[in-house]
Structure formats: C-alpha cells, structure tokens
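J.: Sequence:
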Amino acid sequence: MSAPADMPEKAYDHSQIELKWHTRWENADFYKAAKDSAKPKFYVLEMLPYPSGTLHIGHIRNYAIGDALARYKWMRGYNVLHPMGWDAFGLPAENAAIANQVPPREWTLRNIAAMKKTHRRFAFSYDWDREIATCEPEYYRWNQWFFLQMFRRGLAYRKKALVNWCPKCATVLANEQVVEGCCWRHDDTPVEQRALEQWFLKITDYADQLLDDMAQLEGGWPERVLAMQRNWIGRSEGTEVDFGLSDGGPISGPPIHVFTTRVDTIYGATCVILAPEHPLNERLLDASGVARAKAMVDTRAGRDPGDIEKEGFFTGRFAVNPYSGEKVPVWVGNFVLMGYGTGAIMAVPAHDERDFEFCTKYGIPVRPVIRPVDGPLEADPRQAFTEDGVVENSGEWSSLPSAEARGKMSAYAEQQGFGKAAVTYRIKDWGISRQRYWGTPIPIIHCPACGVVPVPEDQLPVVLPGHVEITGTGRSPLEQVPEFVNVVCPCCGAPARRETDTMDTFIDSSWYFYRYCDPHNDRMPFDPAEVAYWFEIDQYIGGVEHAILHLIYSRFFTKVMRDIGLVRNSEPARRLFTQGMVIAEGAKMSKSKGNVVGADMLAERFGADTARMFVLFAAPPEKEVDWRNEGAEGIYRFLGRVYRFVTRNLGRDDFPPPGEADRRVIRKLHQTLKKITGDFETRWHFNTCISSIMELVNVLYAEERDISSEAMCTVVEHLALMLAPFAPYVSQEIWDENGNEGPVFKQPWPSFDPELAKEDLAEIVVQVNGKLRGRIHMSFGTSEPELAAAAKADEKVRPFLEGKQVVKTIAVLDKLVNFVVR
RNA sequence: GCGGGCGUGGCGAAAUUGGCAGACGCGCUGGAUUUAGGUUCCAGUUCCCGCAAGGGAGUGGAGGUUCAAGUCCUCUCGCCCGCACCA
2 MSAPADMPEK AYDHSQIELK WHTRWENADF YKAAKDSAKP KFYVLEMLPY PSGTLHIGHI
62 RNYAIGDALA RYKWMRGYNV LHPMGWDAFG LPAENAAIAN QVPPREWTLR NIAAMKKTHR
122 RFAFSYDWDR EIATCEPEYY RWNQWFFLQM FRRGLAYRKK ALVNWCPKCA TVLANEQVVE
182 GCCWRHDDTP VEQRALEQWF LKITDYADQL LDDMAQLEGG WPERVLAMQR NWIGRSEGTE
242 VDFGLSDGGP ISGPPIHVFT TRVDTIYGAT CVILAPEHPL NERLLDASGV ARAKAMVDTR
302 AGRDPGDIEK EGFFTGRFAV NPYSGEKVPV WVGNFVLMGY GTGAIMAVPA HDERDFEFCT
362 KYGIPVRPVI RPVDGPLEAD PRQAFTEDGV VENSGEWSSL PSAEARGKMS AYAEQQGFGK
422 AAVTYRIKDW GISRQRYWGT PIPIIHCPAC GVVPVPEDQL PVVLPGHVEI TGTGRSPLEQ
482 VPEFVNVVCP CCGAPARRET DTMDTFIDSS WYFYRYCDPH NDRMPFDPAE VAYWFEIDQY
542 IGGVEHAILH LIYSRFFTKV MRDIGLVRNS EPARRLFTQG MVIAEGAKMS KSKGNVVGAD
602 MLAERFGADT ARMFVLFAAP PEKEVDWRNE GAEGIYRFLG RVYRFVTRNL GRDDFPPPGE
662 ADRRVIRKLH QTLKKITGDF ETRWHFNTCI SSIMELVNVL YAEERDISSE AMCTVVEHLA
722 LMLAPFAPYV SQEIWDENGN EGPVFKQPWP SFDPELAKED LAEIVVQVNG KLRGRIHMSF
782 GTSEPELAAA AKADEKVRPF LEGKQVVKTI AVLDKLVNFV VR
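For what it's worth, the working numbering labels the leading residue of the first sequence as 2, then goes sequentially.
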C-alpha cells in the first residue's frame, strides 16, 4: 500500500533531529551515578581510549554495545555506573611533539577535547563528572602512591637485567609488549637486548593466584582470553637438578642447575647444554668461546625461532649426573633459552625432539630409557619417544611408570640435597621503567649516602615538569631538566638525584576503573566504601588485543590492592566481553591504507543513530563487522521508514474502530518485546533484535490503515522505547512527537505479555518420512493423537500416505507430526 | 606443534532446547508513483527441472546416531586468531 496522500509526512532529517536533542541534552545530567541502596547497581565499562585525536568506527562499536546495555539497564531500574576517561600518557604525544613542536600535554588535551566532542555527538550515556585523564597529576599521583606501597612490600624492586629495547621507541618494553620478537607498536622493528638497571613489579608472586582465580572468571570471560592468560603464565611443574662440574677430579665450583619436567628420563641424559647467555659461560669458556656464545645471542635476535638451525659447541668441560654418577659433556646451545627455567638443560635425545635433533647432528649418543607401556624399549630410535611410559635401564628406578618415577626421584633429589621439585613460570616480573618523558615519574630518589630512597607520601605527586625538550634521541628527556633531577635526600638532606625513568602506561590503566568510583578524592586513590558499593565491574567491554596486557596487569593490581586492604574483591571484572573488529570494505582499517572510517564523517553523512545501529546490526557483537556504506544506508532507510510512519499517522482523524488488525499488530509488538528483552538478558545478539524491530515495522506498514487510534498510539510509544537503547536521538524524537514526556531512555522498559504474544493457533508441520508435506493449524494443547488424525486427513498430506503403510507416527505437542511410511 | 574459534544464498547474516534451512538487511529483477533520474511504496529473489501447479537437491567433504541433524558423534579438508626451540 502506498503512503496515504492526505497525511502530512515528515522526511527523516537526521542532522536536524540530532542537533535539536544534542542541544537540549547538553547540560542535562541524565547519566549521573550515585550510591542508591534502593536499586541494584550495575557497573558497565568500556575500555578507555588512547586520545589519538579522532574516534573511528571501531570505537563506536565498542561504545555502542556498552551504551545499549547501559540504557537498557537504566530502563530496567538499575543504578548504572557508566564512566569514560582517557588513557592519556604514552609515546604518540612525544612523537607529535617532535614532529610538530607541540608540547605533549597540549597535544593530548587538544585531542581529548576533540574526541569528547565526538563522544557527545554520539550521545553515549556517560557520567562525565567522573571523567579522568591519566596524565593529570591528580590521577598519576596515585600511580606513584601504589608504587610506594609495592616498594614497601618488596613488590617493586630494581635490578640490572637484560631487557627488551625498541630502537624506534628509544625505550624499554615489557615482555608482554614484545610480539614475535618485535615491538608491539613497530612490527618491523626487532627488539634488542640491553642490560639496564630497571624497575620491576613482582607479578610472579601472584602467578598462582592469577591462574587459580580464573576459576571465578570461567563462564563470564571468553574462553579464548582465559586460555591466552593461562598460556602466558605458563606454569610448569618439574624438578631442579644440580649437575656438579668435574673434569676427572673431584667436583669443584658451583653446580649447573638444570630444570626438567622429565626427571624420569635423566638416565638417558647424554649431555648438559647451557644457554649462550648463561653466566657460567664466563667461567667455563676461554675468550674465543665467550665470543662464539655472544655471536649466537646476536644472530638469534628478532628472528623466528623456527627458522634458526640448532647449533652448539662443546665447552671442553664435564658435569656429573647426580643420580647415575655418570660424567657427561657440557655444551652451549643456541636453542636453550636463558629466560626460561634455569637457562640450562639436560639433553635426553631419546625422549625429546629438540634434544634428538641437536645430539644426532653432533654425534652425541642417544640412549633410550623409557619404553611404551605396551611395548619394548626401542634400542636404536629413529625419533624421540616423548610420551610417558615405563622407566628402564635406570638403576633402582627401573620398571616404574613415568609419573611415579618423577615423584619418587624428585623426593630423592631433595633428600640427597642435589635438587628439588620445582615450578617454573613463563611469566616474568613486569618491567615498568621507560626512558621517556610523557609518563608517570617513578617516585624514587637516588642518594649517594642512603641509596634508593622512596619519595615520602606527603610529597606526592612528583610532578612532571612542563617545559622539556624532546628530541627523541638518547636518554630520557627528564635527565636534561636540572630542576627536576637535582633534589635533596629526604633521609639525610644531602644533594641527590631524582629517578628519571617514567612508568609503563599500562600502570595507568591497571586501576583506573576504581578511580571512577571516587574520581575527585585528594586524600586517597578512592574511598574503599565507594568501591565496595560499585565493584565488581558487572560488564567490561573491549578489544581482545588486551587479553594478556591490560587484562592481566589489572588483575594483578586488584590482588595487590586487596592485600593492601583497599578492596574486597579479588578480580576486577565479573564478566568480560570482547567485541569483534571493524574492517572497512573488506580490508583492515589503517592510517597507511587511508581507509579509516571516522566517527565524525559518519555522524555527518548518516547520523549518529544510523552509525551506531549499523555496527550493531551487521553481525553479532563478538564477530568481525565489515563496514559498508550501502549497509548503513539500509539502516538509514529503516529509521526513515519508522519516522515517516509515525509522523504521517499522528494527526489523523480517520482511524477505524479496534478490530482484528489491532490484535495482529499488538501480538507482533509483544513478540518483538519478548525477543529483545530475552537477548539483552542473555546473549546480546543485537543484530537479531534490530531485525525483529524491522519485522514489526513491516507489519505496521501492512496494517497501517486498519488499526485503531489506541493501537497506533501504543505501538508508536513502544517503538520509541525499544529503539531507545540503539538509536537515542530518533527514538526521543518519536517519543516527543507522540506526546510523551521526559527522556525516553529513562522510562521503564516495557514488559511483554506472553498471552498477547501468543498466536491463536499452533502451526503444526506435517512430515512424511521427514519431508515437509503440509501444515495444519490447531489449537494450542491439542493432544498428539488428535494432531496425527488431523494431519492424516489433510489433503496435501494424503497423497503421500495413499497406498503406503504407516509404521510409526511421531507427534510433538504444538509443533509437528511425522509419519514414517513404507 | 599446542590452545581457541569458524565454514550456511551473489553479500552481511538468521535458525536460542535435535523439529519448516535461509528471518532481517544489502545487492539484483519487475511493477506503481514521477516529465526524468533519485526518493518512496509493492512484489520477486538458495540451486536445478517446469509456463505453472509441483517435484528434486541443498548448510566445506565422507561416514554414523535418530522418526527427524546446520545443530549430536567419528573421521577429513579449508580458513582465522593466539602462543610457540618453554626443557
């Protein structure tokens, strides 16, 4: 049916509608959160952005998901906390400073202002009174405070260590920030190893807790993220064994510590291999050997381990297997990692693939000591047998199963004093020193007399100086600022030097969500009572790229804060949702490709409502979305369809009296409500929520001239309410045009009536041998035999039964009849 | 190699508990409105045969369980993501 010609219909003008409400909402405080014991609380949080200067469609997707949920929860009567802030420290600001001669602070604040404007344009429902920017002293003083608490507890410490150095960033990186041997921000730049005095946080003290507490997250966090964290922590149980050094005479000097998960194979160890960086090499090797070892380290840097052939050389020295007393040669091998276990291994070529490859290359003997449970010992193996089995040729341990042997042999080592059961972790302590300007100063003073002295808490914050020359070369820019560096020692008053390293910016984001609970507190990082009310975060939403960076650091911080007594929870977020990426026209968005879909362009061309709604419509939120302009135009058309429908029906005076059409429309309305409500409560498939609203609108178009004034009013009102979480502007406009008052997204969420949602008759699918042959309509609750009888009588079905014998009849209440015929 | 996930029309997808495969949207085709284009409205659109009524095939592939499988089981192929010489 075409649009009635006599009705004035308004064209959908997104810019006019959005501007109108944007102006009216500017100073409204709809989203302010405050403690309220009368309502259940709900803390919904999207990961805070880095203020790069512009929002793109990927951000919009993240916020659109959070916003839909926040608005829904408000409408369901929850007391919602929905804050936003800025991860404002970091290198791009310094790079911009070098490129454009703009101070990092100025550049950052300008970007924040621009992005906040875009945020507001999209009408995301944040409590802006709780906004934080991590580069402000009011915020980062608490980074310093946390650092001091950790320092006091021995959780922050300084050591000289080989660290990852990115030449492009001119700073150190944490292990988590090294991706395939390269810098996480420069995937073409291999990291170098440098020995530097660095500050570390002892995340390894919490390794077991980080692992064990994942049980609490099971079900609420994506399995993939938990798996990645488990993998990253890399807990591995085994045995540490000491091989004493001996060159024929008595054992002398410190032993070589070896870590193995397979002590049951130790009688098959035919050599000991040291990592090329192993400190013992200095003692065991002559000058040319040391040089060879160093060359190995250098050729390994930044390369894919799979591409490097195993190489090594004999040190000329021997070590003694403490179980067998056997003397085995000591080698240096390029495949032995200093960073894992003890940096030294025993090589058991018969039972380890890597050892097999190495030993056969150099003619080192292969000696099998494990036989399969159901077979004999392989005398001359062609490949390593790496499974558990039965121990053989191993003195008193022979004929024990592998697992049992491991337990007994570990205990024996401990009893004899040459080893012990041990657990190693892949995760290392978190290196937080950065030789950069735009970060939190580490609150430490180096005094020639007193050593490393923490800045007293009442002298916090240690403020970042404002005018600093940033050249991007050489050492930390802060070293060039005498008034920052030169201080007096808080202990003895003598001249001293301030620490010039700044903190990794992941410190900032490790606890920011607690600050939102009490953002203006100047006596503490936050009032524990506020946090106790709002925590845990009920729903955290962000990209999966933070699975082992931000998300593991912030879990660690929460546990430390709990141990300090600031919080009661052990985990920050009960539920985590990782949304899929947005790509543009089939290609990953990137600046270099020039295909970044910017948020302001979208607001201009399609409107905020359309842009938000399309990213929710294009795919379920966990999946990748391909942004396509034609797709967005579909949503634009749909919103226009809704808007025109509402406006052309509002002033009508020719409505028919209530009738059958009313029942059909109201039924569809309640079916739609049921579907959307169910999705918000469980799986968030907003794409199907939106498509169900489209179905409703299609029905409205079909029934437009046949429904009563009352039905029209009800349905328009509900349309506005259902669209409110997805498209706040146009739903508010409809709400308003319909004569309703107040903000639509602060109305109670409409409840659906299951009776009204129900069809009059059940549609029964009739199958013959599993093939669809007809449909019949019967009252709900009709008994199975009656269904079968009616189905058999159906004229579409009958031909398929004629001349056949019905051997079985399956009838399912209100659903289906299936005849099995022969 | 280990871990996590995914394969359904021309495209994005839907099918929530084993019960009508392809909802909804894009694109395309046709019609109406329009001087025309665009907009809007209506209809059609998995593939094959057929004017149609209708029939057959069909969810990466091969088997299996079942009255009934996109959904469960076994094997297999392909793709994506994460980790990876971790002793």
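These aren't lab readings, by the way, just hints derived from the structure by calculation. Among the hints, a few may not be true.
[To be verified] Using 35 Å as the maximum straight-line C-alpha spacing, the simulated DSBU-like pairs for lysine-lysine come out as follows:
1) Lys594 / Lys169
2) Lys118 / Lys816
3) Lys816 / Lys793
4) Lys809 / Lys797
5) Lys362 / Lys203
For clarity, every value in this text was computed on a predicted model and none was experimentally measured.
J.: Compare the structure with each hint and give your call.
T.: To see whether the hints hold, each was checked on the structure:
For the proposed pair Lys594 and Lys169, the alpha carbon gap of about 21 Å is at most 35 Å, so the pair holds. Of the supplied pair hints, the one linking Lys118 and Lys816 is violated, its CA atoms being roughly 53 Å apart against a limit of 35 Å. A distance of roughly 15 Å separates the Cα atoms of Lys816 and Lys793; the hinted pair therefore holds under the 35 Å criterion. Of the pairs offered as hints, the one joining Lys809 and Lys797 holds, with about 19 Å between alpha carbons and a cut-off of 35 Å not exceeded.
About 40 Å separates the Cα atoms of Lys362 and Lys203, which puts this hinted pair outside 35 Å; it is violated.
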